[in-house]
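Q: Protein chains in written order, with the numbering used here: chain A, 1 to 204; chain B, 1 to 206; chain C, 1 to 196.
You can trust all of the hints, since none of them are fake.
Here's a subset of chain C near chain A, in silico, CB distances under 8 Å, partners left out:
| id | residue |
| --- | --- |
| 1 | VAL74 |
| 2 | THR75 |
| 3 | ALA192 |
Listed below are the simulated PhoX-like cross-link pairs for lysine-lysine, each with C-alpha atoms no more than 25 Å apart in a straight line:
| id | chain 1 | residue 1 | chain 2 | residue 2 |
| --- | --- | --- | --- | --- |
| 4 | A | LYS111 | A | LYS75 |
| 5 | A | LYS135 | B | LYS169 |
| 6 | B | LYS169 | A | LYS133 |
| 7 | A | LYS181 | A | LYS133 |
| 8 | B | LYS44 | A | LYS102 |
| 9 | A | LYS75 | B | LYS96 |
Residues of chain B placed beyond 10 Å of chain C at every Cβ, according to the derived structure:
| id | residue |
| --- | --- |
| 10 | LEU58 |
| 11 | LEU148 |
| 12 | VAL159 |
Calculated directly from the structure, the hints in this document are not laboratory data. Positions of the beta carbon are idealized from the N, C-alpha and C atoms, including for glycine.
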Amino acid sequence: MFKIKHFIEQSWLLIVASFCFGLLIATANTAWSPRIEQNKITKINNLMGGLLPKAEKFELAAELQIESAKGKKIKSNVYKALAEGRCLGWAFNCEGPGFADKIELIVSVDKDFGNFAGYAVLASNETPGFGDKIKLPYYRQQFAGAPAGKLELAKTGDAGKIDSEIVAISGATVSSEAVIKIINNSAAQVKKQMREKGLISNGK
Amino acid sequence: MANKAQTTSTLYKQTLLAGLWRENPVFRLLLGMCPTLAVTAAVKPALTMGLSVIFVLLCSNIVVSLMRNLLKAHLRILMFTLTIATFVTIADLFLKAFVPRMSEMLGPYVPLIIVNCIIICRAEACASKNNLLVSTIDALGMGVGFTLTLCVLAGVREVLSTGAIWEIKVLPAWFVPWAAMSMPAGAFITLGLLLGLVNVISKKRT
Amino acid sequence: MDTLNILLMAFISIVLINNLVLTKFLGICPYLGVSGRIDMAFGMGMAVTFVVTLSGTMTWMIDHWILMPIGLEVTRYVCFILVIAGAVQLVEMYIRKFFPSLYESFGIFLPLITTNCAILGLCLFINLWGIDNLLEAVVLSFGAGIGFTMAICIMAGIRENLNMADVPRCLKGAPITLITAGLLTLAFMGFAGMIK
Chain A
1 MFKIKHFIEQ SWLLIVASFC FGLLIATANT AWSPRIEQNK ITKINNLMGG LLPKAEKFEL
61 AAELQIESAK GKKIKSNVYK ALAEGRCLGW AFNCEGPGFA DKIELIVSVD KDFGNFAGYA
121 VLASNETPGF GDKIKLPYYR QQFAGAPAGK LELAKTGDAG KIDSEIVAIS GATVSSEAVI
181 KIINNSAAQV KKQMREKGLI SNGK
Chain B
1 MANKAQTTST LYKQTLLAGL WRENPVFRLL LGMCPTLAVT AAVKPALTMG LSVIFVLLCS
61 NIVVSLMRNL LKAHLRILMF TLTIATFVTI ADLFLKAFVP RMSEMLGPYV PLIIVNCIII
121 CRAEACASKN NLLVSTIDAL GMGVGFTLTL CVLAGVREVL STGAIWEIKV LPAWFVPWAA
181 MSMPAGAFIT LGLLLGLVNV ISKKRT
Chain C
1 MDTLNILLMA FISIVLINNL VLTKFLGICP YLGVSGRIDM AFGMGMAVTF VVTLSGTMTW
61 MIDHWILMPI GLEVTRYVCF ILVIAGAVQL VEMYIRKFFP SLYESFGIFL PLITTNCAIL
121 GLCLFINLWG IDNLLEAVVL SFGAGIGFTM AICIMAGIRE NLNMADVPRC LKGAPITLIT
181 AGLLTLAFMG FAGMIK
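Build out the structure end to end from the sequences listed, making use of the hints.
A: And the structure:
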């Protein structure tokens, strides 16, 4: 009994303070967490809107589990792009190892998963001025219209020609290759799983 | 009576200015190095970090100063840590809600404000021993000093690495940017050289 | 075999490529303060390795087994720092009682380590990187400590030699250490991209 009294005497401030602080944090959290969630959704919507500009809204079509090149399990959300009720295309997120840390992308394809519509960088830590150029239109527009099969990296070539050959960014070969690997790897898995789910036809 | 008022106001003025130069947390006391190097790649994140630190410093100094007579000696540091952690959590939630892009850029360095030596040192050295007004002024002085330092360092690094400050181009087109400045190596070297410069200026004054 | 591969890659990545001190700017304060002599640097490094392995593991466990299932992630920072402070206290008491000789060699650094950004920073990074198995968290924490020890010992070696060199007076002490650290970081950048 005496021990408990002594304990409380010593630490009553700690207990009261913890309670008050807990209350403060809880208030701030309840007040702001809807906003935080909204921010995340807005960001993804903005990126997808940039890739498929004609789309009016995006609907979550499926939540798939794919594996990155390193064998890490990633949750990929597949969004259906709709305009006037018709499907314009699909967008999904994927990630993989880059030169520095990991690169997270949103990749969009046309409605039959035949051609890529492009990609946008969600998060990356590549070298500024070099690997960072994967965010720039110069590299990204080579993917718009490229066939959704296996893309290959070429050191030199015609960047204007849209085919499965992608010209690397000079001085950033590893980052360029990383993007291609991520897209190749995830697109193949997402395509397969979407076919299994019947979201896209199994046509040849 | 007049004398006491005079000494108190000079005390306030001195406390405020101390944080800006004489006891500048980064350049003279060598505290808070970790965020200094990490967020100063550009001026915008540096300013955001500085303002967050001012907020946390103010709140924690105020709360600690209010509690100072109730603190038990051996639980002191725990109380400080708890206070600081709470306000950093609130600041982090605020940033995530209202400036998500900045929050992403700053990443894990916002919660690292908890272990930022500046805040816990000021709580220990000043807030727990002085009244509310002095603690507040001290927090303001240190916080503003820290923010200004961060902005100076960020300004140098941003200008040299992208030719722009706050994303407004200031250097002419022929300037080839030094990519190294935006990378960790550039951070260390810039801070080292700036510290050397501050030492030179201080020696000249004394 | 695959798991072993992943673990080895994680270890190498955090020691060489994502070294906490040189690329993530964590642990600078003790880095500047204690890297004067190699024996002190090594002691500090060992203390940090010990604490960071323990904290990294414990915070991962608390985060994944208690906070996330209950949904109390918002209290993450408070919990982490309290766990770290508590862990350091326990470790110090334990070592002082049972291994007094060990305490002589690195015990004095232990209280300093609580506010060491490296520990909290590592726990937060493990959270940020979405590490989802315990073994990988343990390996990363241990690797982080080893990386810190390595960086601080290299720096101590260089500083011992710098003492005999002719450094300009305004650069003596912290400035030249920072510049050296910058050059070290540049050197370590050579390791980037090592792991595909």
